[in-house]
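Student: In case you want the letters, here they are:
Protein chains: 2
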Amino acid sequence: MGIRIGILGYGNLGRGVECAVKQTNDMELKAVFTRRDPSSVNILTKGVNVYKADDILSHKDEIDVLIICGGSATDLPSMTPKYAKDFNVIDSFDTHAKIPDHFANVDAQAKAGNKIAMISVGWDPGMFSLNRAYANAILPEGKDYTFWGKGVSQGHSDAIRRIDGVLDARQYTVPVESAVEAVRSGSDPELTTRQKHTRECFVVAAEGADKAKIEKEIVTMPNYFADYDTTVHFISQEELDRDHKGIPHGGMVIRSGVTGWEKENRHIIEYKLTLDSNPEFTSSILLAYARAAYRMSGEGMSGCKTVFDVPVSYMLDMSSEDMRTHLL
Amino acid sequence: MGIRIGILGYGNLGRGVECAVKQTNDMELKAVFTRRDPSSVNILTKGVNVYKADDILSHKDEIDVLIICGGSATDLPSMTPKYAKDFNVIDSFDTHAKIPDHFANVDAQAKAGNKIAMISVGWDPGMFSLNRAYANAILPEGKDYTFWGKGVSQGHSDAIRRIDGVLDARQYTVPVESAVEAVRSGSDPELTTRQKHTRECFVVAAEGADKAKIEKEIVTMPNYFADYDTTVHFISQEELDRDHKGIPHGGMVIRSGVTGWEKENRHIIEYKLTLDSNPEFTSSILLAYARAAYRMSGEGMSGCKTVFDVPVSYMLDMSSEDMRTHLL
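Here the protein sequences come in this chain order: U and B. Going by the working numbering, the first sequence opens with residue 1, and the numbers climb by one from there. Going by the working numbering, the second sequence opens with residue 329, and the numbers climb by one from there.
Hints were generated in silico from the structure; no laboratory data involved. It should be emphasised that the depicted structure is a prediction, and the values quoted were computed from it without experimental measurement. We treat Cβ as the ideally placed atom computed from N, Cα and C, and that holds for glycine. Be aware that a few hints might be false.
If you want the footprint, here are the derived chain U segments under chain B, 3+ residues with CB under 8 Å [claimed, not checked]:
#, segment
1, 90-103
2, 120-129
Straight-line distance between alpha carbons at most 20 Å, and here's what the computed SDA-like set of lysine to any residue pairs gives [as the list claims (entries may be wrong)]:
#, chain 1, residue 1, chain 2, residue 2
3, B, Lys478, U, Lys245
4, B, Lys600, U, Asp144
5, B, Lys573, U, Gly260
6, U, Lys143, U, Thr193
7, U, Lys22, B, Lys600
8, U, Lys98, B, Lys591
9, U, Lys22, B, Trp589
10, U, Lys272, B, Trp589
11, B, Lys380, B, Pro428
12, U, Lys245, B, Arg594
13, U, Lys263, B, Asn340
14, B, Lys591, U, Thr193
Derived contacts from chain B toward chain U, CB cut-off under 10 Å, selection only [stated by the list, open to error]:
#, residue
15, Glu346
16, Ser448
17, Gly454
18, Tyr552
19, Val586
20, Thr587
21, Lys633
Next up, chain U with everything else stripped away, as it sits in the complex (with noise of 0.2 Å):
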């Protein structure tokens, strides 16, 4: 028997999990737990139950790491607090300003209950975050550039459906290929918003509706598209169905420092993802830390963790002599 997840809100994320657990070795899907009708909800995996969320403590010794797959607006602030005294928990709250707060709340319930709770996991927050925290810890002296896309913003995207007229809609943020080149030359750029990052988007108007107000109403709108060179074509439907269907993103982060005794030499550590599924990919990589949840609880070790607590070796279905022998 492997290590039993499970899942708590089965949207793109949760059935991404799903997914993953199908290609390990060392763990099972042991339940679905979502607060639409359990009956409503048709999973992939055959022979597992789907559950209300409310009946969640019942199955509380089934489960060893509960991934909690909601949203960071409303969802994890009070998910993942409420469920990390009874439950060793994963979750991938992604609003940096708040994670201090979240962290608190979340340490103080995991503490209570003995469990581990790790947050904050996906790609960004998550691997970026490490990798930005490896290359700060080897080249002290150095500037940190992180830049999406190509990629689908959702929030973005759910922006201009917002605006009347509009029936449907998806925004790709594109990173300035001679911003990323000036990066990686070394040269330090100083770089605004609108240097970095250029903003596409695909949108289906209604019959009859005013394509021109529709565009300004997009490039003008604060936050979301005005400090940026934003692109606005316009589709049918059904383009939008066949070509832009997917949800693929990326981006990378690169850290440009110096070494030596008059700091004459420069080194660049980059960091790159091409993904063709960003709700999947994050999604693997909530199950590799729901794999070090379970060891250190295990362990006896509890409270909230973040990626930068955990050793890789934790992460990994393999023996720390396979991992020194074929992966050293």
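Once you've looked at the hints, dock chain B against the given chain U.
Tutor: Just chain B now, kept in the frame of chain U:
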């Protein structure tokens, strides 16, 4: 008073550690130990003594972490176990096939002395290994690729210098760009040694030497060059000194893997280094792990560790709160 660092061996790597200490706020160089005559070794840091390696044990209580800057062929296999009982030690042992033996020897001594020893620290093995491990943990189904360069291979340069009629030489390992692009595209190519890297040699021949014979001897040399497409350029000593004095290096670790119920989505994880100075970058990594070794020892841990066993939080001169606020 900061973490007190000792350096054993003052070549490129030792000097790099000395420079890296200067860039920290929480460390100080306490002493340098050498097998040469100490009076012949001029270090950069004022007020720090150079001692005979034979006298190192009498300085045991002055050193928190000893960084052993020796070669993997003959120095480290004996030196690291020898000192692991009396010091927290770090080395950069890079003979992949002998890592299990070296680990066992060092582990026994470090445990006997209740010290932390960290072996095979650097970028390959080291940061490259770590990135292979993370990428394998996240994408259990996939393929790993490692490319080196463009950079100077000391071993290959030495091999050319041993040829009759050669006065000096510098060899660059160069990744084949089309192979890198094929990997990045997600096509999962099978690549032979010849398809992954080329070798470029800059050679200073003695007056009247048979250049055609030298070139043939290089390109047909077993293990070093025979399996590669090798280019040989004959240049003057002045040109070599002017254009090929640096020790740049770098490379890429790429994992291409799939997720999804039917493995329908592909993801590419790439970690790339572009280094002006191979030894100084390696030294900077050694020093970051020296910080980790000091803390782990302070928490009562002991034995031999690798990069797989260390959370990044131990490597940074930053509180966990600050890490969560500024790097997560």
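Student: Now, for every hint given, state plainly whether the structure supports it.
Tutor: Hints versus structure:
Judged by the Cβ-Cβ criterion of 8 Å, the segment 90-103 of chain U is covered by chain B as claimed, because 4 of its residues qualify and three suffice. Requiring three or more residues with a Cβ within less than 8 Å of a Cβ of chain B, the coverage given for the segment 120-129 of chain U holds, as 4 such residues are present. A hinted pair counts as satisfied when its Cα atoms are at most 20 Å apart, and lysine 478 (chain B) with lysine 245 (chain U) does not qualify at roughly 39 Å. Annotation: proposed proximity of lysine 600 (chain B) to aspartate 144 (chain U) holds, straight-line Cα distance about 15 Å (limit 20 Å).
Taken as a hint, the lysine 573 (chain B) and glycine 260 (chain U) pair is honoured in the structure, with Cα atoms around 15 Å apart against an allowance of 20 Å. Proposed proximity of lysine 143 (chain U) and threonine 193 (chain U) is supported: the alpha carbons are some 16 Å apart, at most 20 Å. For the suggested pair lysine 22 (chain U) and lysine 600 (chain B), the alpha carbons sit about 30 Å apart, so the restraint of at most 20 Å is broken. A C-alpha spacing of about 35 Å is found between lysine 98 (chain U) and lysine 591 (chain B), which places the hinted pair above 20 Å, so the restraint is violated.
Distance restraint check for lysine 22 (chain U) and tryptophan 589 (chain B): the Cα-Cα separation of roughly 8 Å lies within the 20 Å cut-off, and the hinted pair is therefore satisfied. In summary, the hint linking lysine 272 (chain U) to tryptophan 589 (chain B) is not supported, as the alpha carbons are separated by about 24 Å, beyond the 20 Å threshold. For the hint linking lysine 380 (chain B) to proline 428 (chain B), the alpha-carbon distance of about 30 Å lies beyond 20 Å, and the restraint is violated. For the given pair, lysine 245 (chain U) sits about 15 Å from arginine 594 (chain B) by alpha-carbon distance, which is consistent with the 20 Å threshold.
Restraint check: the Cα-Cα separation between lysine 263 (chain U) and asparagine 340 (chain B) comes to about 15 Å, which is no more than 20 Å; the hinted pair holds. Between lysine 591 (chain B) and threonine 193 (chain U), the direct Cα distance comes to roughly 36 Å. Violation of the 20 Å bound is thereby established for this hinted pair. Residue-level restraint check for glutamate 346 (chain B) holds (minimum Cβ-Cβ distance to chain U is 8 Å; threshold 10 Å). Interface restraint check: serine 448 (chain B) against chain U, minimum CB-CB distance 6 Å, threshold 10 Å, status holds.
The criterion of a C-beta within 10 Å of any C-beta in chain U is met by glycine 454 (chain B), whose closest approach is roughly 9 Å, and the hint holds. With a least beta-carbon distance of about 24 Å to chain U, the hint placing tyrosine 552 (chain B) at the interface is violated under the 10 Å criterion. Proximity of valine 586 (chain B) to chain U holds as hinted, the smallest CB-CB distance being about 9 Å (cut-off 10 Å). A least Cβ separation of about 4 Å between threonine 587 (chain B) and chain U falls short of the 10 Å threshold, and the interface hint therefore holds.
A distance limit of 10 Å between C-beta atoms decides the matter here; for lysine 633 (chain B) the minimum to chain U is near 9 Å, and the interface restraint holds.
When held up to the earlier numbered hints, the structure conflicts with 3, 7, 8, 10, 11, 14 and 18 and fits the remainder.
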